[in-house]
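Given only the sequences and the hints, what does the whole structure look like? Please build it.
Chains as they are written, first to last, in the working numbering: chain A, 1 to 317; chain B, 1 to 317.
Simulated from the structure, these hints should not be mistaken for laboratory data.
Backbone N, C-alpha and C fix where the C-beta goes; we use that ideal spot for every residue, glycine too.
Treat the hints with care, as some may be off.
[Said to hold, decoys possible] Straight-line alpha carbon distances no greater than 25 Å define the calculated DMTMM-like cross-link-like pairs of lysine to aspartate or glutamate that follow:
(1) B:68 with B:131
(2) B:36 with B:310
(3) B:68 with B:135
(4) B:36 with A:131
(5) B:68 with B:32
(6) A:36 with B:111
[Claimed, not checked] Covered by chain B, according to a simulated footprint, are these stretches of chain A (three or more residues, beta-carbon under 8 Å):
(7) 258-266
(8) 304-312
[As the list claims (entries may be wrong)] Examples of chain A residues lying across from chain B (beta carbon under 10 Å, computed):
(9) 43
(10) 46
(11) 48
(12) 101
(13) 103
(14) 235
(15) 239
(16) 254
(17) 269
(18) 271
(19) 301
This is what each chain is made of:
There are 2 protein chains.
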Amino acid sequence: MTAPTFADVQRAAAVLTGVANLTPVQTSRRLDETSKAAVFVKCENFQRVGAFKFRGAYNAVTNRHASKPVVALSSGNHAQGIALACRILRKRAHLVMPEPVNPVKRAAVQEYGGIVHVPADPREAESCARDLVQELRGEWIEAFNDPHVIAGQGTAALELLGQVENLDVLLAPIGGGGLVSGTCLAAHGLNPGIQVYACEPAGALDALYSVQDNRIVPQENPQTIAEGLRTSVGTLTLPVLRNHLAGFFVVEEREIVTAMRFIYERMKLVIEPAAAVAVAPLLRPEPALQHKRVGVIISGGNADVTRYFDELSSEMT
Amino acid sequence: MTAPTFADVQRAAAVLTGVANLTPVQTSRRLDETSKAAVFVKCENFQRVGAFKFRGAYNAVTNRHASKPVVALSSGNHAQGIALACRILRKRAHLVMPEPVNPVKRAAVQEYGGIVHVPADPREAESCARDLVQELRGEWIEAFNDPHVIAGQGTAALELLGQVENLDVLLAPIGGGGLVSGTCLAAHGLNPGIQVYACEPAGALDALYSVQDNRIVPQENPQTIAEGLRTSVGTLTLPVLRNHLAGFFVVEEREIVTAMRFIYERMKLVIEPAAAVAVAPLLRPEPALQHKRVGVIISGGNADVTRYFDELSSEMT
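Spelled out as structure tokens, the structure:
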């Protein structure tokens, strides 16, 4: 696999035109006051499948053999992205979803026609995916360590930089680094002066250590409500992060909930905890962000609101 | 007081330009599939103060004596709308907020510089407001039975009809009828063929009966989670409703929660229960709406999400 480039991000943007949603950018007087910055929120919660992951999944699927089935390993947004991409492109998608599987996400994958495999033991998920690839002569699309996935994720930032002029800083949450490395390629392809920061939960701090040590420091026993950010970085994302990142913001769990609530109450947007990780540094306030024009990539809106509505229902009776 | 006209709505739109947010219209493949209609959601949850009420409040305040303080009686979105309008227009606002007062809404009113009065007995709220008007030589702005308020609320539909072509039907929730009667004036000023439906909770069915009987049937002991819709219609709104409405959709409590959850999960929008009342008929499906181009006015996003975030926080520890 070769590292993706800015040209790959531009190609991905062309592939996604008319397929992915051109998501809006929203602003909030209150967020600007609190952060002492001019903040532009890129609403990937309004993306298809409710998350930026559709971009990378669709771009990667278009770059594989038209006749081979796709295999992916994910219990989250990547699984939904691959399933929908394959439905649009009339391909078969096999999704290995290790427990715990959110029933809403499983149902969404199946609605898109994806074939779901839940291994009895979550530790067998990788071998299960590998066996499927062999059996079906399929192609595995990794959630972030894939050049087409990274290029696809970069299109969110490319789009944002076309929607808003003169951004100084971009913030995005980091898990495996697909979104952040794509964001780096897009931003610095347009303007090497833009500072890209990765925002990482204190309870899942592998990316920061991996960049510092220049080796993949595996994520062990992560403790964060930001599900999507519990993974380790990959061989393709790490070098991009090292070459491009201005730095990291480390975010406490309490800050994640506060930021999520701020966005619900003040901006009326449903976002998932991972998305709030990139908002949290703005509420501190953070000297590196003050008086800057800051773009924030909201990763998605797939929060589990089941209990909120169960409570509302119980009030009625 | 004279009844407002389409020209008043147009004048209000001019007054609100650059002050109110030009709120976006959003769509959802899933909502279209479920309703078998083409649905356009007017996002007044993104309006200032989080609800359409800012429109009517601001328009009314601009039409009063510049030097007289404003008095309003509301524990909800009207109070916030008046407080913010007065801050912008450098006027003093006195808000009589009968219990139960949501502490978040009270704090918001005070942040805007509004002076809050909480009568010891909620039944004294009206006399409290009347006394304030006398004492302060102030002017009372009613929440819906005011021609400038109605004209202001109508600007949401006027804007929507400029954003989306050829709508057949408009849906809006009904409490006192300010939003619905403004919507009627705006729609029929542009095109008398547009059908406007009022959506009312089954547990607060006074507007339907008032229109049927052509007299104000008072709302007694309403039972609905849609707080904003618990009021009776007024002398100004009733004749507009009688002359213009195509009909009513009566919505059960269970349907309100289902519709609210649909909008959170599928469209990633935070909406309040009253807003969900206008979405609910689309999920039935409803023959009168199928194969139509339907505009839905989302009244606001001021839902109380406190317990959801309290639960999230408790998971962390």
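For the hint on residue 43 of chain A, just tell me whether its beta-carbon gets within less than 10 Å of chain B. Status holds, d = 8 Å.
Restraint outcome when residue 48 of chain A is required to lie within 10 Å of chain B by C-beta distance: Hint holds; residue 48 of chain A Cβ to chain B Cβ min 8 Å, cut 10 Å.
Confirm or reject the coverage of the stretch 258-266 of chain A by chain B under the rule of 3 or more residues with a beta carbon closer than 8 Å to the chain's beta carbons. Check passed, 4 qualifying residues.
Are residue 68 of chain B and residue 131 of chain B close enough, with their CA atoms no more than 25 Å apart? holds (15 Å)
Against the 25 Å threshold, does the CA-CA distance of residue 36 of chain B and residue 310 of chain B hold or violate the hint? Measuring from Cα to Cα gives roughly 38 Å; hence the hint is violated.
Just to be careful, I want the Cα atoms of residue 36 of chain B and residue 131 of chain A compared with a cutoff of 25 Å; is the pair within it? violated (42 Å)
Closest C-beta approach of residue 269 of chain A to chain B relative to 10 Å, hint status: holds (7 Å)
Given residue 239 of chain A as an interface hint, is the shortest Cβ-Cβ distance to chain B below 10 Å? violated (34 Å)
Checking hints one by one. Is residue 235 of chain A an interface residue toward chain B, by the C-beta closer than 10 Å rule? Nearest chain B Cβ about 32 Å off; hint violated.
With a cut-off of 10 Å, does the beta carbon of residue 254 of chain A approach a beta carbon of chain B closely enough for the hint to hold? holds (7 Å)
Does the structure keep residue 68 of chain B and residue 135 of chain B at a Cα separation of 25 Å or less? holds (12 Å)
Under 10 Å is the threshold here; is the Cβ of residue 101 of chain A close enough to any Cβ of chain B for the hint to stand? violated (17 Å)
Consistency note: the structure conflicts with the earlier hints numbered 2, 4, 5, 12, 13, 14, 15.
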